[in-house]
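Undergrad: Each chain is listed here by its residues.
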Amino acid sequence: MMFIVYLTVVALIGIGLYAIIFKRNLIKIVIGVSLVECAANLFLVSLGYKEGGVAPIFTMAPHENMVLPTPQALTLTSIVIGVAVTALMLSFAMNYYKSYGTLDATKGRLKG
Amino acid sequence: MIFEHAPALIIAFPLLTSFAVPILNRFGEKFRNFFVLLSLLFSLFFVLTLAPQVYSHGVIVYTFGSTSPGITLPSGYSMPIRITFTIDGMSIFMAFIASIVSISGLIYSWGFLKKERVGMDKFYSLLLLMSVGMYGMIFTGDLFNMFVFLEILSIASCALIAFWVHKGETSEAAFKYMVVSSIAALFMLIAVGIFYGQYNALNIAAIASMINYNLLDKIALSLLIVGLAMKAGAVPMHMWVPDAYGQAPAPITMMLVAASQASLYALFRTCFTLFGLRLDVAMVGWIIIILGILSMFVGVTMAIPQKDIKKLMAYHSVSQTGYMLLGVGVGLAVMNDPIAFQTYGMKAMEGSIFHIINYALYKGLLFLTAGAIFYKLKTRNLDEMGGIAHNMPLTTLFFIIGALAIAGIPPLNGFASKFLIYESVYRFNPLLSIIAMVVSVLTLASFVKVFHSAFMGPKMKKNVREAPRAMLLGMAIIAILIIIFSLFPAMVVRTIVDPAVIALANQGNYISAVMGGI
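In the order they appear, the protein sequences are chains A and B.
When we follow the numbering used here, the leftmost residue of the first sequence carries the number 16, and every step to the right adds one.
When we follow the numbering used here, the leftmost residue of the second sequence carries the number 18, and every step to the right adds one.
So that you can see chain B by itself, here it is in the shape it has in the complex (with noise of 0.2 angstroms):
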């Protein structure tokens, strides 16, 4: 009954949610804040709720206000004109990050902004548009509504970058970040154009079923790619990430991390689903791979010599990108060799997706630490700090736990994703292997710079307590998830893993669960 419309009321509680806000923020602020967590908790419900369908059926195909996509075209001309969810292992796994996200993001947010006057009723607004944005580019199944909720996204999230307005470098920030998604999303825009001129379709099925990867599909694709590898702040592209990380609140800038997952998810849309065999795997996987070394390479010595220290974990955010990009390019460069694919290709794959989740966990409450110093501290730079482990003994643990594990220390779930990687990486081409494994070297060399310069030492002269409650309660939840991936890497991937690495892998069942109903 209900669970049925699943996919649509996932998006639909905290649209209409935010909508209300400035409404629930006359009855007091706790009553908004319950009603704004709830959204989200329904939005999780229903998640959790869709995902066994999705593992036990395929591919969930969701039309709007319709039951098949195209049940109302005149006789004889089959193709799926409604607009659709399609929703399958890669969609879902991708949902459980933007869910966690949220729900800590917004609790540690009551801690962070408590002391706000004004605009807290926006800010609520925007936090549940971009938890809107992120869940629609992650179900559409319509390159066009792709394109409407990457904008959305966009303009939730740069509002939010500049949420302390009376700071010049907060507008500098988000100008910056908005110049690059508005560019990305037209980029976006122009290959729709160009796909609907030459197949008549919006539906990502469709087009997949007949797209044949002449001249013109090839500049669609380079400016797909271009666009969303911009917005995912890979390498050449990557300018606007510290700034635009460094200067939004911590709760946002979590919330960032995951935004640019999604724009990382759809570009594996793009290169699997919307492209698959038909697409000159060797090379656009080749293209990825670089992308990825790049971003690795010059993310991690970028980091190295940073003082501040958001701006610092905004560059090893780069850098942790490429490692994501590496194993997919992997996989994608060897995908039309069974026998590669089979023994190496899918192991690549399944360690850069393990990766993204674990990724998104890490960094986010690294970041959440970082906004907890500087709320307590008012500065973000590491010459300030010193001695905090005496004053702040709950977030230091966090930040241990969050910096162990993006260094990839053995028991945590950095390691269980990079050495995935590193495994099968090796295989395909040893030198791309080295180069991750002395990424990862630097990483723990500047994470132990950062512990050493904040953490350590001997006690402030300044009074500082602990957190507020909220912003722990935001980081432990996180923290929690990070320990249970880290017990339990085999199981995580058997269950979460696999069926998007095979979702991804398998495009023939994307377009006929699609194209089938028809």
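Next up, chain A with everything else stripped away, as it sits in the complex (with noise of 0.2 angstroms):
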């Protein structure tokens, strides 16, 4: 069961790089940047996955096999910055397409 979520984990990884690195369109790199992201998390996730846990709430809850929190605190930490960057990526995409009227990143002006 596990094996198929890291098998995910990686695959999405590789289609996430793949974009990155052989997509020309911006929008498309920012797509490969936010796989990446969600492969991050999801594998953080599941990290802290437990068959058959119960939310660590201390109140009315059976007091056995609980969750251990913290995955899931650093995965919603982790969206909420993936957010962010995602946002400020699109921001810059947008501003390219506003002065080079394109989105293809080889018309780019700048030869590293």
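Each hint should be verified, as a subset may be incorrect.
Said to hold, decoys possible - Okay, the calculated beta carbon distance ranges per label pair: (1) A:124 to B:232: 43 to 53 angstroms; (2) A:121 to B:461: 30 to 40 angstroms; (3) B:40 to A:81: 38 to 48 angstroms; (4) A:16 to B:355: 46 to 56 angstroms; (5) B:47 to A:17: 39 to 49 angstroms; (6) B:529 to A:71: 23 to 33 angstroms; (7) B:529 to A:16: 32 to 42 angstroms; (8) B:473 to A:32: 43 to 53 angstroms.
Don't read these hints as lab results, they were simulated from the structure.
Being a predicted model, the structure only gives us computed values, none of them experimental.
By construction, the Cβ of each residue, glycine as well, lies at the ideal position given by its N, Cα and C atoms.
Assemble the dimeric complex from its two separately framed chains, guided by the hints.
TA: Set out below in structure tokens:
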């Protein structure tokens, strides 16, 4: 069961990196970064998964087999950061389009 | 009393001020600038009070919300679960760099961006967030926290690279940097997940005490090295450096230099503190050495033909990062051989860590002089410059100081650290040392070119005057520090560099400082 999840994580990272490296459209690159980020979040959340576990809230809950809340907390933090990163990257892409009239990364004027 | 909380306050002052800047802005420009400077001066003050404690007591562990990292745990289970700041000689050394660079960058921006009408409140907010990110990365004792601060640092710096949004190029450069840094940060997050899945810990010291260097740890290590070397701008992943450094406003370029150093710090922390001697030191050491040599050589050869003054300097940053990687790599490679480590490994690390602060200073100064030229001449192209020495004598003086330091000409600080590296690396492998010297000569050559084409020659037709006073003050702070470092290199090495090297080399101290308190 967990094997499938980890396989999905690796596949998502692979697809994301492929999009970042080989795609020319800036929006597709942003999608690639988001995919890698989803993979990282899925990985973190799946680390905290426990079969039949309950949420770690002490009032009124049976005291055995609780899930450790740390991975969920980490994932939440990382999702929030991810939203900021995606928004910022999309706004850069917008500015790029405004001044160059295209979203093609190969049409850039900076030749690193 | 209040000094007990110095590690938290160093971060708290700039962080709170950063979000207060839009309100402070309502009360006028002077008022806002004063408060922004005040918050950074407070941070510097607390760094300075923290330093003697670190040097006399060794590692300081600051736990948020408690007196000891594991105080509320059920009995029989000892693990630092709270967020901690772990400050040793290396952290405090990097904190000096972060505070000096932030303060002089801020003062310089007062002059440099005087004519900007909009967005200055956001500029100062983000500038403070950048210094928060640097301090956080440097002080934290927790891997996930390091990821969060890395992201704060990269988001703030990307937004600042694109400060002149009406130009498309800035957005392009910022986009590149954002892709690189978010990938680096996500690699780091995945590595954190791997460690957490195996050891149930996020604290660096706790992981370091349990780590056993199996296959999963090797994957995590390679993710960390790739990600952090990418953010530090080492060669195969250096393509963002010239664009981002070239397009950012000059004070931000200087802060970016320090930000790259923070990533370098995280890389060293990973290799030395997290893995330490459990690592296959010879192999990882050689990987870092090869990254260093490639960065040195490719950086400098790409720099020579450049015509854009900031781009040229940016390629030199790549090349200078190589020196630090080289020295530290040599130190790491001989770490499990005590005799070799004592005779030259230590010296090599000393040299490259001394080079970190020297580099941050002289590179910062050079970028600021380039900014001053851009401010007055509105061009970065070397072909359109000439005879600036007639018009801007002080800027010329600062440029000469920076250029001689980066080329490693004897009395200046660049020579002191480079010489330590040559001397010790020669005993490890003579070829590496020779490459380092050749690169140094090429560096001198390209700065002679810049000096000749920008500063020498007949007086320009345009009536250009000296840069504004705030900019000169920002440059002067750094130039004076460079001169102090050049006059007393032995003293600097003894007081601040040696504790940093010992802190890196001595993994046991770090672990026992955190784990011992439980």
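Undergrad: Given the hint of 39 to 49 angstroms, check if residue 47 of chain B and residue 17 of chain A actually sit that far apart at their C-beta atoms.
TA: violated, 60 angstroms
Undergrad: I want to verify a distance hint. Is the separation of the beta carbons of residue 529 of chain B and residue 71 of chain A within 23 to 33 angstroms?
TA: Taking Cβ atoms as reference, residue 529 of chain B and residue 71 of chain A lie about 31 angstroms apart, which means the hint holds.
Undergrad: Starting from the hint 46 to 56 angstroms, judge whether the C-beta atoms of residue 16 of chain A and residue 355 of chain B obey it.
TA: Since residue 16 of chain A and residue 355 of chain B have Cβ atoms about 48 angstroms apart, the given range 46 to 56 angstroms holds.
Undergrad: Tell me if the beta carbons of residue 124 of chain A and residue 232 of chain B are separated by a distance inside 43 to 53 angstroms.
TA: holds, 44 angstroms
Undergrad: Does the Cβ pair residue 40 of chain B, residue 81 of chain A satisfy 38 to 48 angstroms?
TA: holds, 43 angstroms
Undergrad: When you take the CB atoms of residue 529 of chain B and residue 16 of chain A, is the distance between them in 32 to 42 angstroms?
TA: Holds, at about 40 angstroms.
Undergrad: Tell me if the beta carbons of residue 121 of chain A and residue 461 of chain B are separated by a distance inside 30 to 40 angstroms.
TA: Given range 30 to 40 angstroms: holds, Cβ gap about 36 angstroms.
Undergrad: Does the hinted range 43 to 53 angstroms hold for residue 473 of chain B and residue 32 of chain A at CB?
TA: Roughly 48 angstroms apart at Cβ, these two residues keep to the hinted range, so it holds.
Going down the numbered hints, you'll see the structure goes against just number 5.
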